[in-house]
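For reference, the chains in residue letters:
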Amino acid sequence: MAEAVGKTVLVVEDDPDASDTAKIVLESEGYSVIQAASAGEGLNKARSERPDVILLDIMMPSGTEGFHFVWNLRNDPDERLHSIPIIVLTAIHDTTWVKLYPDTADPVYQPQEYLPVQAFLDKPASSEQLLKEIEQALAPKST
Amino acid sequence: MELGSRVNVELEELRERIWWLIHLRWAAVAGVLVTVWVARHIFGVQLAAAPLYGVTAILAAYNLALWAIGRRLSRVTSAPAVTSFANSQIALDLIALTLLLHFAGGIENPFVCYYVFHIVIASILLSRTATYLQASLAIALLALMAVLEATGVVQHHQLRGFVNDSLYRSPTYVLGVLFAIATMLYISAFMATSITYRLRKREAEIVHLSDALQARADDLAQAYEALRQLEGARSDYLNRVAHHLRSPLATVERMLAVIAEGRTGHIPEKSMEMLNRARVRLQEVLDLARDLLVLSRTREVRRLADRKLVDLAALARQVAGDFAQQAQSAGASLFVSAPDSAVEVLGDPASLIELLENLVSNAIKYSPNGGTVSVSLVTSDDRVVLSVADQGMGIPPAEKDRIFDEFYRATNARESGKEGTGLGLSIVKAIVEAHHGSVSVEGEPGKGSVFRVSLPGAPPK
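So the protein sequences, as listed, match chains F and P.
Convert by adding 223 to the 1-based position in the first sequence; the result is the number in my numbering.
Convert by adding 1141 to the 1-based position in the second sequence; the result is the number in my numbering.
In isolation and in its complexed conformation, chain P is listed as follows (with noise of 0.2 Å):
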């Protein structure tokens, strides 16, 4: 909403209550022509009804001719016209009541206190002001009309059969019905606007909390924006660096093989072991860059279409698979416990090969000799737990909460002399993180570590 939002509001609701006030007239139309009727025939009063019904066709009239104006009026943006509008509403109401009550009885007529409708609509409708100015038109004219015909400047139309006095005539009986309905009507203004005043400030109070709340929810969406861009703009780049490194890379890995291989003719010990210590060096950067580039994709915002269902028992028993060599190098023994039954998430097969990867990788190269590493996996109401447990050195628990930032190695893996990007584990969070699921470590130094990764299972079919 732009500034001056409230005026527009109170505009629109001053509209819409104009459009009420229409509609009720036309319900006061009705109302009058039923009550002349219902007097006339049943009650058997005597009643002018040409000049009544008269007035109520001019009321009728003028009804039309406002709907009609009241339809154009959702173009009108200036409020004192609309305000106009409503005001000039409520003055006409109040001279077609004058004029009713005129031939029908004059102020002996007990219908003299609806003037209190047109206050209350008009407490409704208009300002303070506006309204204590109606009521005073309302109380003018009633005088007005009682002295007309009290001093015989117009004819009185006697309510036969109703009153038979004639107390129009009587100025104490006059001047006490016109005090009765003037105080009448300036308490009901009192009353009526100082509730509608109230309401009023309420309503002011509620647009501009909502403007507040609006204009926070833009500037959130605009930092979360930014943000998002930011890691965007920063995981290309990675991207490229990881890229463009790792191509060269692997070509100058492939050239030193190839010498070390002996293909391209014989290299003297001294030169093959600087050759080879070469490579290690290679190894470790190539092993950098793969991990840099890995972290960086499974950063990317992956659309939920992506997603396929993944049975990660399946999963987990390739793995291991792929490891046994590696484990039986190491002289640990890797085992897997998994429900024979596929246990689905949706996620990314590749992703979670990585992620599986890494933690078996971790546990194996961590292993002492004869060592165990299990991986197992459970199903525990709509959530699936991955463990992989080893009985490794273990992970000093001041430094629990930082193995799993980037480039960050525990400083008990440093001193191991086991090479290591840091990365493995910050590649393992981001994985879990982007499949909405959450990972821990438990574990004493020396006493093994077990890795839980918690994923919320695939929706049943």
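So that you can see chain F by itself, here it is in the shape it has in the complex (with noise of 0.2 Å):
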């Protein structure tokens, strides 16, 4: 794809094999990947690298993880990360099910009005339904 070259991927996710997983499908497609274990790594990533778009793991190992990354990240002093797309992974069923912040259970219908994210995916997400939403991400803006 024409439009994949140049783009970087920020991968967040902790499990190594499914984070390996998303590179091989995303530099197939001609994609950069830099990957993130954790919150924390992912943040710094994203601040020295400024990817295009994030793919993030929204349940990594304490179940808040994810969350706080996107809260730091969207609160970042540097505004450019504030508007980095991000496709949201989750091992929960459905989009709808997600705990959308970390301190109550409510699952609630329209998680992107909650979330300042591009799209949620459910594990697993076929490589088609993810190279879809990266290219969603990645397309222009119509204002």
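Among the hints, erroneous ones may be present.
[What the hints assert, rightly or not] When the alpha-carbon atoms are kept at most 30 Å apart in a straight line, the in silico DSSO-like pairs for lysine-lysine are as follows:
no. : chain 1 : residue 1 : chain 2 : residue 2
1   : F       : K355      : P       : K1588
2   : F       : K246      : P       : K1506
3   : F       : K268      : F       : K230
4   : F       : K246      : F       : K355
5   : P       : K1541     : P       : K1411
6   : P       : K1449     : P       : K1411
None of these hints come from the bench; they were simulated from the model.
Can you join these two chains into the complex? Each is in its own frame, and there are hints to help.
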């Protein structure tokens, strides 16, 4: 894909097998991939590399690390980080069951209204789904 | 209520009745004053006013003292103490009545029958024995007064203007009156105590029943709590198991997919075949883990506050839209018939979508090529009825009750070769029940099935 050339994807995922698999898919389509295995590492790499899109596993070990990553990224002093699209991967059934903020357990119907991310994808997301979401995230926004 | 609660109840009642007596005594004080005044000034009866008012004053004084003691009564927990308090009051009243009678004509005073009031009160407050004893005390006091006056030991105060003979000195008169009063008091004691005895028995039975009922209610509450906890523990366990299964399984599926997609290099045909067969089996396990997770989540007790107004018509159309592709691939036609206006229920949007998806995907899965799947939504009174009908293989009548069981698949479904976890309909049932609704299925083998979900409509705004 021509659109992929020069675009960087940051994969924030604690499972190395899942992370490497995502890397294989993305690199085979022409994306550059940076990997991070924790929210902290993810934030650091986001600041230093400024990727074009972030792939985030929301349920890293503690269960809330993913959320903290999003909030911290969106509240970072560097404003350029505020608009990097985030695609969330979740192993919990369906986007509508995801805990959207660390404190409550309510599933909400329109998650995008609550968490400033591009999309939610159920694990295992097919390569097709993944690539499609990334394409959409990178597409120029029509205002 | 604890053990001995019956005693507590009786004691509490006794305290209340003692209070009632103390209040009644004020009325008696007023009554005596009025009677004396009316007798003297209206009927012109000659009375020894000073001693009478004196006794009345003493009556009032000791009632005040009793009132003061009575205030501390609630802190007294010894039954004998409270009973003595009651006994002493009645004895004092009997003495007061005797004194009043003595200063107003003695045995000639018609109010001599007033001893009966004290006996009735005694039967309410005291035991049978105590009542008879008080009756005996009354008769003894009356007899003593009559004898002392008749023999001239104490002065007789004649009721001039009312009784003009010296009846008090006539033995036959005195004995006659004493006999009449005595029989009256003992018979009254008998009658009144018989009634209160039965009353007390009934009260004791009620208290006993109420205790037993409370014990049952406590048992029930405990059992329910234990059940809830068990269900919660089971649900937690399922949740954790499902989650810990899903994540690594999902990773494995991604790894196999990436190989199958050729992104790691060329794969020989035989290897590819095995790989794809492995992926199919893996998908079955993934589906099972997902269904288990859904089921356990649906069964979590949900707070009423979590429920929202959901437009079921919009959801039905949305789900039908999502499954259009799948229906087409299966050669089935999918129709939705729902009102244009919102059909609202109070519920959880995610669960209701899950419900619709399960029913619709089942209908499509078991539809024959060219078959029709129709989803319809109607409102009837205050209920909303969702029906999903298909023209598939139908459900054998003998298995209709069991298809909503976990992991149960109907014989013909199993033999059809189509895969399924057997959890779909148990998920449907769990969601329906969580929304206080009901689900049923109709149809015959070979003629398709209609699944009907009935839910309470949202309350009017």
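Each hint, compared with the structure:
1. F:K355 / P:K1588: violated, 41 Å
2. F:K246 / P:K1506: violated, 35 Å
3. F:K268 / F:K230: holds, 15 Å
4. F:K246 / F:K355: Holds: K246 (chain F) and K355 (chain F) sit about 15 Å apart, inside 30 Å.
5. P:K1541 / P:K1411: violated, 43 Å
6. P:K1449 / P:K1411: violated, 53 Å
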